[in-house]
Structure formats: structure tokens, C-alpha cells
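S.K.: Spelled out from the first residue to the last, the chains are:
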Amino acid sequence: MTPRFMTGLLLSLTLAAFLLSLMAGKVWIWPMSWAADNADGWIFLELRLPRALLGLCVGAVLGLSGAVMQGYLRNPLADPTVLGVSASAALGGVLAIFLGINLVPFGLFGCAMIGAGASILLLLAIGRGGGPIGFILGGMVLSTLAGALTAFVISIAPNPFAASEIINWLMGALTDRLMEDVLTALPFMAIGVLLLLTTGRALDALTLGENGAKSLGVDLFRLQWLIVLGVGLSVGASVAVSGVVGFVGLIVPHLIRSFYGEQPSRILMPSALGGAILTLTADSLVRLIPGPGEMRLGIAMAVLGAPFFLLLLLRYRKGQA
Amino acid sequence: MNLNVQNLGFAHGSTATLEGINATFEAGRLSVILGPNGAGKSTLLACLAGLQKPNSGAAKLGDEDITAMPAPTRAKRMGLLPQGAETHWAITSEALVALGRIPHSRGAGASADDRRAVAAAMHATATDGFAHRPITQLSGGERARVLLARVLAGEPEWILADEPLANLDPGYQLDILDLLRQQARGGKGVIAVLHDLHHAVRFADHVVLLHQGSVFAQGAVDHVITAQNLANVYGIDALLSKDEEGATQLLIKGKLRS
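Top line first, the protein sequences correspond to chains A and B. Under the numbering used here, the first sequence has 177 at position 177, and the numbering climbs by one with no breaks. Under the numbering used here, the second sequence has 116 at position 116, and the numbering climbs by one with no breaks.
Chain A extracted, bound-state conformation:
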């Protein structure tokens, strides 16, 4: 399959997944009722549309961030979840709620983005020199620490209702988000995505290692900040609005590589599309699971992603031996 055909296919699948997300649910809403002046039309406008838009953006952000981080660290196991970026963004968000910063406009978003950006800087500081597995171990340390601190902040929250709200948000879901939330997150995600899409050439150069890239005139310092800002803004905003939806950035670039080859710049845009497809589809499927309530998207992705990570880890170790 040629890349051009694959890109066409990915675009069509993205559109299909988006439409599915608009329609699927306990109540199916077909396109003819989208503009209807009844309950269906209301559900479509107030619930389905923001949810589908959110799935599209969050998925694209996570898929792209995974591809960029894997290219930057030259490690196929990197991903915002594995490296603790999402957990750190969540900690930032929880702290914002605890300290009341979320009442300031963009307070929650700002804190989540700072959490995400800071975690990458910390990761670079602790993982450097540890080889390919160093960053993964560093990410685990960060993730555990951020998780523990988050739990601590929740446990000392004065208001039990607030605590359950926070826990609900943390579990990761696209449900019950207002169009307003979506529109707040969108500009940050868009800027982050644009920044990340400019890293292709530098990531390609890193195929030759840091010295090779530097000798080609690539400014690694600039690249590092592009990634800190890009991932910070986009993943931070996506966590602020939808909680922790894991492993999209791990799974998607892998699948994309088997069609597009392994050159880092080639998989950036396709990984964004693939992330959107995976997230939209998974979010549609969790709605269709029978029973009261619905399964959280974050939980569904973790159930799907953890075994995938293990599989990759085993394959990776075999390849190294």
C-alpha cells in the first residue's frame, strides 16, 4: 500500500469514526435528527457533538505526542502515559482544584500544562545517560510519584464531594463535557500540535544520534523546548479537559510504522489521525457496552494498552538480546 493510499484511508477512517461517535450510544441518533427540534437534536448538539470533537482532538494530540516522544527519545516504548507526563498534568490539575486556582480563568488548564511540561524537563534530567530504558524507568518514577502526590492531595481535600469529582475526572472520560470546555481546550491543543508538527526534520536527524544531529546543524536545545512546549500545551490541555486517557500514544505510532516505515517525520501526521480514530472508536464502543452507566474511556484504554506495552517490551528485549 502506498503512503498516499494509506493517508486517504486514514482520513476516511477518521471521518467514519467521527460520524460513529456522533451517532452511537444508548440512544442512536441518525443524521436526519441532527438538526431536529426535539430530544434527539438536543442530545446531538449538547452531548454528542462536544464529545466527538473532544475525542477527535484528544486522540490526535495523544497519537502525535507519542510519535514525537518516541522519535525524540529514540525509544519505541515512549508515550505520555508511560513517561508520566499525563500523571504529572493530572497532578497539576488536582493541585489547581485544591488551591482554588481553577476558579481563575484557565487556572486548571495552566496548571495541567505546567505539570506536563515540567515532567518532560524532569524526565530529561533523570533519564539522560541511562540508555533507552533509562527514560522508561524515569517515567515510572515520575508517574508513581505524581500518582502518590495526587492521592495525597485528594485525601486531604476538605470537601468529600470535591474529592469524588476529582477522582471522576482523573479516571479519564469524554462524557458530559460542555462545548465551552472543548472550545477552551482547542486553541492550546492546536498550538501544541502545530509546534510538534515542526519537529519532523530534527527527529529524522536524531536517527543518527545526538552528535550526528548536531553535526547536521540541528539545534537540539531548541528541539527540546519545542517538545516541552508542544507536549506541555497539548497533553496538558487534553488531560485538563478529559483526564488521563492512556496508551494512545504508545499503540498508534506502532501500528502506523508498519505501514509508513520507521522514519520519524513520516509518522507524525498519520499518528495524529490514527490517535483520533482509536480514541473516537474506543469512546463509541464503551457507550455500547450493555449495563447501567458506562465504562470509563481511560479504564478501557488502560485495559487495552497495558498488555500492548508488555508485548512491545517483550519483543524489544528479544530484539536486544
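Treat the hints with caution; some may be incorrect.
What the hints assert, rightly or not - Taking CB as the label site, the calculated pair distances span:
| no. | chain 1 | residue 1 | chain 2 | residue 2 | range |
| --- | --- | --- | --- | --- | --- |
| 1 | B | 243 | A | 2 | 21 to 31 Å |
| 2 | B | 71 | A | 318 | 30 to 40 Å |
| 3 | A | 106 | B | 140 | 47 to 57 Å |
| 4 | A | 210 | B | 58 | 43 to 53 Å |
| 5 | B | 226 | A | 318 | 28 to 38 Å |
| 6 | B | 140 | A | 156 | 56 to 66 Å |
| 7 | A | 46 | B | 73 | 52 to 62 Å |
| 8 | B | 4 | A | 133 | 39 to 49 Å |
| 9 | A | 2 | B | 84 | 50 to 60 Å |
| 10 | B | 71 | A | 133 | 23 to 33 Å |
| 11 | A | 313 | B | 73 | 35 to 45 Å |
| 12 | A | 210 | B | 26 | 26 to 36 Å |
| 13 | A | 106 | B | 86 | 39 to 49 Å |
Note that these hints are calculated values from the structure, not bench results. Every value quoted in this text rests on a predicted model; they were computed, and no experiment measured them. Backbone N, C-alpha and C define an ideal beta-carbon position, used for all residues, glycine too.
The hints should help you fit chain B onto chain A, whose structure is shown.
M.R.: Quick look at chain B alone, frame taken from chain A:
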């Protein structure tokens, strides 16, 4: 154009230090930097390639100081073959060679110039036969040639090779040395850091011998690689002689007792 290293000094962290390096490298010659581990060979090359910024002194091409050039400009003129033959991802040989065009390309897509340069580099290194094979499936010798082709694709004026023979079988080592010599004969400046004294004796047009961060000797092979210098710098007992064709032969007899 000659490359003049003037009073270059470097000291930073755990990297080997350099002090008062003065050396002249001529284009059209294969220059070899020799010296024991920690003498500063790679550090000197890193300063010339812009990986490290020297604390003092300069390295001049004509009257331009390459250590002060903006990185993208320098990258077009100085091509580095880094130590360790590091590569990641299973990209094709051709895609890897095309990375050498990064300093020349602005924006997306390969220009006609890019394609011509990549093809020429792969032809010169006889790597065009496996242009579409992933680099992970190449033998050590093939990989080494592809990595050299990557440097050539950038069409630099100078080729800086940091231990290009490490981990290669003797036949492949000679392939790479031949290619480097060819490039020098073609008018490029070539500077290689080598460990193997035998190769230096056979292939070098010019030798710079480093010892503890300073130039111990430099010049023609017969002038620099002498029993006395090798004893002083490496602590080895070496015998140098001329064979019937007038070429210098080196025999390392053993380590000197101090």
C-alpha cells in the same frame, strides 16, 4: 583551502582537555589524528565539527572561524562521521543517506539537487545495490559505507571521520580507508581519527600526533611516526623500516618497560 587550528583550547567536564593546539590541515590530503586514549583526538574533531565550543583559539577556513559559524552554515561545509556508527529505526539505506541533505534543504520534499547528491554518494560508496534495504539488515561493512555515504551526500568541503574503522573486519576497514583516500584525491579535506598505527602509516598523507591534550608532533608520516615518538607517546617498542618498494613498514614489538 587549508584548515588552520590556532591556539585552540578546550576544557569541560569529563571530556578530554585540549591546550594550545596549533595544526594545519590541507584540503586534498588524508590527514590522520593519532594519540593514545584520552589524548583529545575526538575532542579536537568535535571542536572542528561544532559539537563542542572551544574555550579559546579558533579553527579557520581562510579567514572564517568555523567554531564561531552558525550551526546550519557550518553543517554545509564540515561533514562529520560520528563515533560509534549510531543509528536508530529501521529506515532504508537511501533514507539514511538522504539525512545528509538536511543542512541544504529548507522545508519539505527532496529537490533535484538532493536526489542527485544522494545518488552520487551512494554510487561513490557502492551502496546503491541495497538502497531500499533497511539499515538494520545490513552487514557491518555495508552499514559503515552507508554512513559514509550519508556524510558525502551533504557535499561538505571537509570530511571529519571519528574512528570510522571501529568494529569493522580488516577488509571493510580497507574499504573505508580507500573511500576516504579517494575523497581526498578528489580535492576534499579529510581528517580521520584512527587507532591503528599500521593504517596510519599506509594511508595518511599527514599526521597529527596528540599527547595529553597537546600536539606532540605533526607533519609527514615518516617525520611523525618514529620509534622515538611512539615510545614517548604510546610507551611501545616499535620497529620502522622501508620495504623493497620504499613503503614504510611498522612492526610493534611490545610494550616498553618504564
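S.K.: Determine for every hint whether it applies to the structure shown.
M.R.: Hints, one by one, checked against the model:
As the Cβ distance of residue 243 (chain B) to residue 2 (chain A) is approximately 58 Å, the hint placing it in 21 to 31 Å is violated. Remark: the range hint 30 to 40 Å for residue 71 (chain B) to residue 318 (chain A) is upheld by a beta-carbon distance near 39 Å. At about 54 Å, the CB distance of residue 106 (chain A) to residue 140 (chain B) agrees with the hint of 47 to 57 Å. The hinted range of 43 to 53 Å is not satisfied by residue 210 (chain A) and residue 58 (chain B), whose Cβ atoms lie roughly 25 Å apart.
A beta carbon spacing of about 52 Å between residue 226 (chain B) and residue 318 (chain A) contradicts the range 28 to 38 Å that was offered as a hint. A beta carbon spacing of about 59 Å between residue 140 (chain B) and residue 156 (chain A) agrees with the range 56 to 66 Å that was offered as a hint. Hint check: residue 46 (chain A) to residue 73 (chain B), Cβ distance near 56 Å, so the stated range 52 to 62 Å holds. For the pair residue 4 (chain B) and residue 133 (chain A), the supplied restraint of 39 to 49 Å holds, since their beta-carbon distance comes to about 44 Å.
In this structure, residue 2 (chain A) and residue 84 (chain B) break the distance hint of 50 to 60 Å, their C-beta atoms being roughly 35 Å apart. Here the CB-CB span from residue 71 (chain B) to residue 133 (chain A) is close to 30 Å, well matched to the stated 23 to 33 Å. Between residue 313 (chain A) and residue 73 (chain B) the C-beta distance comes to about 43 Å, which sits within the given range of 35 to 45 Å. The beta-carbon spacing between residue 210 (chain A) and residue 26 (chain B), approximately 30 Å, falls within the hinted interval of 26 to 36 Å.
Distance hint check: the CB atoms of residue 106 (chain A) and residue 86 (chain B) are about 42 Å apart, consistent with the given range 39 to 49 Å.
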